[in-house]
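Protein sequences, first through last, are from chains A and B. All letters in the first sequence, in the order written, are residues 4 to 224 by the numbering used here. All letters in the second sequence, in the order written, are residues 45 to 274 by the numbering used here.
It cannot be assumed that every hint is accurate.
[Claimed, not checked] Which residues of chain A face chain B? A few of them, derived with a C-beta cut under 10 Å, are: (1) 117; (2) 121; (3) 124.
Don't read these hints as lab results, they were simulated from the structure. The C-beta atom is built at its ideal place from N, Cα and C for all residues, glycine as well.
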Amino acid sequence: MTMVIATTAELAAVTTILLLLLATPLAWWLARSTAWWKEIVGAVAALPLVLPPTVIGFYVLIALGPASPLMTLLHPFGVRTLAFTFEGLVIGSLFYSLPFAVHPLRTAFESIGEPSLELAATMGAGPLDRFLTVGIPLARRGFVSAAILVFSHTVGEFGVVLMVGGGIPGRTEVLSTRIYSLVESLQFGAAHRLAAGLVVFAFVTLLAALLVDRRLNAPRL
Amino acid sequence: MTIAVEIAVKRATRTAPPFTLDAAFEVPAHGVTALLGPSGSGKTTVLRALAGLDRHAGCIRFDREIWQDGSHFVPPHRRAIGYVAQGTSLLPHLSVAQNLDYAERRAPAGHSVRQDIVVRTGIAALLDRMPARLSGGEARRAAIARALVGRPRLLLLDEPLSGLDGEARAAMLAQLAGLLHDSRCPVIYVTHSADEAECLADRTLTIEGGRVAVACAPRSIRPAAGISGG
Numbered sequence: 004m005t006m007v008i009a010t011t012a013e014l015a016a017v018t019t020i021l022l023l024l025l026a027t028p029l030a031w032w033l034a035r036s037t038a039w040w041k042e043i044v045g046a047v048a049a050l051p052l053v054l055p056p057t058v059i060g061f062y063v064l065i066a067l068g069p070a071s072p073l074m075t076l077l078h079p080f081g082v083r084t085l086a087f088t089f090e091g092l093v094i095g096s097l098f099y100s101l102p103f104a105v106h107p108l109r110t111a112f113e114s115i116g117e118p119s120l121e122l123a124a125t126m127g128a129g130p131l132d133r134f135l136t137v138g139i140p141l142a143r144r145g146f147v148s149a150a151i152l153v154f155s156h157t158v159g160e161f162g163v164v165l166m167v168g169g170g171i172p173g174r175t176e177v178l179s180t181r182i183y184s185l186v187e188s189l190q191f192g193a194a195h196r197l198a199a200g201l202v203v204f205a206f207v208t209l210l211a212a213l214l215v216d217r218r219l220n221a222p223r224l
Numbered sequence: 045m046t047i048a049v050e051i052a053v054k055r056a057t058r059t060a061p062p063f064t065l066d067a068a069f070e071v072p073a074h075g076v077t078a079l080l081g082p083s084g085s086g087k088t089t090v091l092r093a094l095a096g097l098d099r100h101a102g103c104i105r106f107d108r109e110i111w112q113d114g115s116h117f118v119p120p121h122r123r124a125i126g127y128v129a130q131g132t133s134l135l136p137h138l139s140v141a142q143n144l145d146y147a148e149r150r151a152p153a154g155h156s157v158r159q160d161i162v163v164r165t166g167i168a169a170l171l172d173r174m175p176a177r178l179s180g181g182e183a184r185r186a187a188i189a190r191a192l193v194g195r196p197r198l199l200l201l202d203e204p205l206s207g208l209d210g211e212a213r214a215a216m217l218a219q220l221a222g223l224l225h226d227s228r229c230p231v232i233y234v235t236h237s238a239d240e241a242e243c244l245a246d247r248t249l250t251i252e253g254g255r256v257a258v259a260c261a262p263r264s265i266r267p268a269a270g271i272s273g274g
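Work the whole structure out from these sequences, hints included.
What follows is the structure in structure tokens.
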């Protein structure tokens, strides 16, 4: 059981860190670009919100299988497939939780407003400098929301991890797939305990998110 | 050394009458040049173009440097300017001292003028405050200090006294006159108040009806400040 919890926590933590790194530049670009086609990119980034997780899982599984063009590129490095591995789970989770990072970050970046960024520019700050010293600090609420949402959403994913990871005990089994296999084998008592644990976890994270957000929302005095 | 501006702006919106501005002037790159005109006349538009915050058709030249022409555009962070916009012109997430740090760290090489500026703008007691905790007048003084600490080659001020009245305004006007004179930095000073222009400026340009006129005489006490071209 501790193994399952550890895998779940590790998956959620790794996904959260990687996704914040990947989604931040994307969200910044979506918030600030004036390109007409940016909403096409925005829609693609939001697709995982409406796609069935099994569809995401299916495509990721195909892409990570030994015969895919992507994996063929990695064959010389001794990597045959990432399907049914922890790395595969991380890749699936990145797609699955992408909108949960992009959306709060984009909203936060959009709310910064032009005057502060223009002011930094007149003080001699170039684009990257403005992003790091004005964009990120003024969007800290967005980062907190994104981190909490991605983490809890990744803990709660089922379809993708089952498709990509197969729920192999000790390797790719996470809490949600464990509950499924417990129910399949009619171990309702154990399933109850895990399910209740996840309800408590979800409540605590959401409460924490709201409290942190309220604190950060206070004007800086 | 002169600052030359030649920009044309045409803006049509559904809600407001169309806005056109043909600003062409050349002023000496020293002393204070007031840009005087009623609100909505395009003063801020000219100032923002000088800062590089907006790009309109035309040319802008600072001394021998082309800041903007048909093919070339120097972005604001490479212009080494100081810009004080209307309202609170400070970064909201940094204290007054941190705002000064921010400007100073990105300033062109040179001697720090920070100590002197802090004392002369009277913001020594405000250094630890966040911008949200400053009164209107305090925020203006801090913003002007912030702009000067960056050792700008050109200082752009947009209505720095608007919203202040009575004693506070008079006091700051006197303070500003001394500061701007001693900074040895050319200043473009946008205002709608003729007496501010009279009190601070070496020369005044008026904007009205979408055109810039180089009508007002330079102040007599500084005869060196003349207007070349137009």
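For each hint, the structure was consulted:
The criterion of a C-beta within 10 Å of any C-beta in chain B is met by residue 117 (chain A), whose closest approach is roughly 9 Å, and the hint holds. Nearest Cβ of chain B to the Cβ of residue 121 (chain A): about 5 Å, under the 10 Å cut. The hint holds. Below 10 Å, beta-carbon pairs count as interface contacts, and residue 124 (chain A) has one with chain B at about 4 Å; its hint therefore holds.
Checked against the numbered hints above, the structure breaks none of them.
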